[in-house]
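Protein chains in written order, with numbering that gives the first Met the number 0: chain A, 0 to 276; chain B, 0 to 147.
A hint or two may mislead.
Simulated pairs of lysine-lysine, DSS-like, Cα-Cα distance not exceeding 25 angstroms [as the list claims (entries may be wrong)]: (1) A:41 <-> B:117; (2) B:34 <-> A:41; (3) B:34 <-> B:54; (4) B:81 <-> A:29; (5) B:81 <-> A:41; (6) B:81 <-> B:91; (7) A:29 <-> A:97; (8) B:54 <-> B:39; (9) A:100 <-> A:62; (10) A:87 <-> A:100; (11) A:70 <-> A:153; (12) B:81 <-> B:54; (13) A:87 <-> A:62; (14) A:41 <-> B:60; (15) B:81 <-> B:117.
FYI, nobody ran anything at the bench for these hints, they're computed from the structure.
Single-letter residue listing:
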Amino acid sequence: MSSFSRSAQQWATFARSWFLIDARMQPPGKIATMCSVRLQGKHKPIYHALSDCGDHVVVINTKHIAFSGNKWEQKVYSSHTGFPGGFKQVTAAQLHLKDPKAIVRLAVYGMLPRNLHRRTMMQRLHIFPEDELPDDIRANLTEELPQPREIPRKLSEYTQEEIDAFPRLWIPYVAASRHLLKTEFPLTITALSVLLPLNNVSSGDERHFDSCHWYLCTTSFWFKPKKFKIRTPIIERCFSIKGVGLWDNFDSEIKRSKSLSAFRRNAKIIMRPYDIE
Amino acid sequence: MVFLTLSCWIRNRGPDRFWKVQELLKHARHFRGRKNRCYKLAVLAVRRAFVYATKSRKLKKRNMRTLWITRIAAATREHNMKYPILMHNLNKCSVQLNRRVISDIAITEPRTFLSLAKLARARQQEGFRAALGDGKEPPGVLSRVMLQ
Numbered sequence: 000m001s002s003f004s005r006s007a008q009q010w011a012t013f014a015r016s017w018f019l020i021d022a023r024m025q026p027p028g029k030i031a032t033m034c035s036v037r038l039q040g041k042h043k044p045i046y047h048a049l050s051d052c053g054d055h056v057v058v059i060n061t062k063h064i065a066f067s068g069n070k071w072e073q074k075v076y077s078s079h080t081g082f083p084g085g086f087k088q089v090t091a092a093q094l095h096l097k098d099p100k101a102i103v104r105l106a107v108y109g110m111l112p113r114n115l116h117r118r119t120m121m122q123r124l125h126i127f128p129e130d131e132l133p134d135d136i137r138a139n140l141t142e143e144l145p146q147p148r149e150i151p152r153k154l155s156e157y158t159q160e161e162i163d164a165f166p167r168l169w170i171p172y173v174a175a176s177r178h179l180l181k182t183e184f185p186l187t188i189t190a191l192s193v194l195l196p197l198n199n200v201s202s203g204d205e206r207h208f209d210s211c212h213w214y215l216c217t218t219s220f221w222f223k224p225k226k227f228k229i230r231t232p233i234i235e236r237c238f239s240i241k242g243v244g245l246w247d248n249f250d251s252e253i254k255r256s257k258s259l260s261a262f263r264r265n266a267k268i269i270m271r272p273y274d275i276e
Numbered sequence: 000m001v002f003l004t005l006s007c008w009i010r011n012r013g014p015d016r017f018w019k020v021q022e023l024l025k026h027a028r029h030f031r032g033r034k035n036r037c038y039k040l041a042v043l044a045v046r047r048a049f050v051y052a053t054k055s056r057k058l059k060k061r062n063m064r065t066l067w068i069t070r071i072a073a074a075t076r077e078h079n080m081k082y083p084i085l086m087h088n089l090n091k092c093s094v095q096l097n098r099r100v101i102s103d104i105a106i107t108e109p110r111t112f113l114s115l116a117k118l119a120r121a122r123q124q125e126g127f128r129a130a131l132g133d134g135k136e137p138p139g140v141l142s143r144v145m146l147q
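Okay, chain A solo, but in the shape it has when bound (with noise of 0.2 angstroms):
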């Protein structure tokens, strides 16, 4: 490098690199962050806002991004169309279904300094929902970022013997379970954790139970207040224990019951361990 001359070594300096990171079960918030900062420069120790030192960043698997906790259902996202009564709220799950790519872009949009470069940042960014590139842009890749979030492992990833070697922690018990009442309005539980089994069972059926798989899980349901017009499902989902590891999404059946009260009386579920005691 010290054997360039001056001018080279300037060219070579202020070259626009081109990074790729990969947005798969990863949160959009520590995706658009990395991407802010080399949109910007600030990676570079020659940065000044008006020297445009600014990088390329290419975002793949947009479509695969991962929110944590429930901002799936609650996060909006609000916009007005200029026209009287045109306020619009649509929660990120019915965003991402419209349009992957909009998450990630309207998170670095919101990240980057307001001021005139910002547009021109963004015209760097170049976002895509799936692992296919352009050839082109292909070409000019120069580096892979290393991703901000370790995927945790799923269930089915984990072996028999390492899942029979895992220490367990305790042994709870709850009475038998009953069905519950099917209705469309979800409500706020923080921090229910149950035990539920991998595979559906009706109550009282013991012979079930041996083979069943037990994780501890969250069941957030959640209450929407009124000033949001939108209804969205409720979705359940299953976090690890935190030292445990163990987590998987199943899809169950979903309970639902028009009260707190109503649901504590009925959500009486069975928790049991590999073993029978």
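Using the hints provided, position chain B relative to the given structure of chain A.
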């Protein structure tokens, strides 16, 4: 009547209005529009420009410092470290380089900057050992602690 002859009607005005006006307009020559030509408009614009200049002498110092900090932070992140860690540990090592010098080093002398980053990292580890360890030096180190 006092002014009875023609010669008494002549007033003697100031001789150098032209140069006084030019003295002001020279500060407005790079302005946009009529402000760079017309005295009445230029007076206001030049006064405003001077006020901005006085205020900005303080702002410049602030802006330069934030720029140095941004540059140092970018350079330390290239070495897997963060700006506050670097500055705190350099302070603890009584390295009294200011941010201007460190940012210039980061741009023009990358290896020197790497050595500064490593120094800060070593001092950080030393601090952790002092806080969490058992007061003994790691093996192979001879120091005042051992001799006591």
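Structure-based check of all given hints:
1. A:41 <-> B:117: holds, 22 angstroms
2. B:34 <-> A:41: Judged against 25 angstroms, a Cα distance of about 38 angstroms means the pair is violated.
3. B:34 <-> B:54: holds, 22 angstroms
4. B:81 <-> A:29: Judged against 25 angstroms, a Cα distance of about 17 angstroms means the pair holds.
5. B:81 <-> A:41: holds, 13 angstroms
6. B:81 <-> B:91: holds, 16 angstroms
7. A:29 <-> A:97: holds, 22 angstroms
8. B:54 <-> B:39: Since the Cα atoms of residue 54 of chain B and residue 39 of chain B sit roughly 24 angstroms apart, the hinted pair holds (cutoff 25 angstroms).
9. A:100 <-> A:62: Distance ~7 angstroms between residue 100 of chain A and residue 62 of chain A Cα, so the pair holds.
10. A:87 <-> A:100: Distance of about 19 angstroms is within 25 angstroms: holds.
11. A:70 <-> A:153: Holds. Residue 70 of chain A to residue 153 of chain A sits at ~21 angstroms (cutoff 25 angstroms).
12. B:81 <-> B:54: violated, 33 angstroms
13. A:87 <-> A:62: Holds, at roughly 23 angstroms.
14. A:41 <-> B:60: Satisfied, since the Cα-Cα distance of roughly 20 angstroms is no more than 25 angstroms.
15. B:81 <-> B:117: The hint holds at about 12 angstroms.
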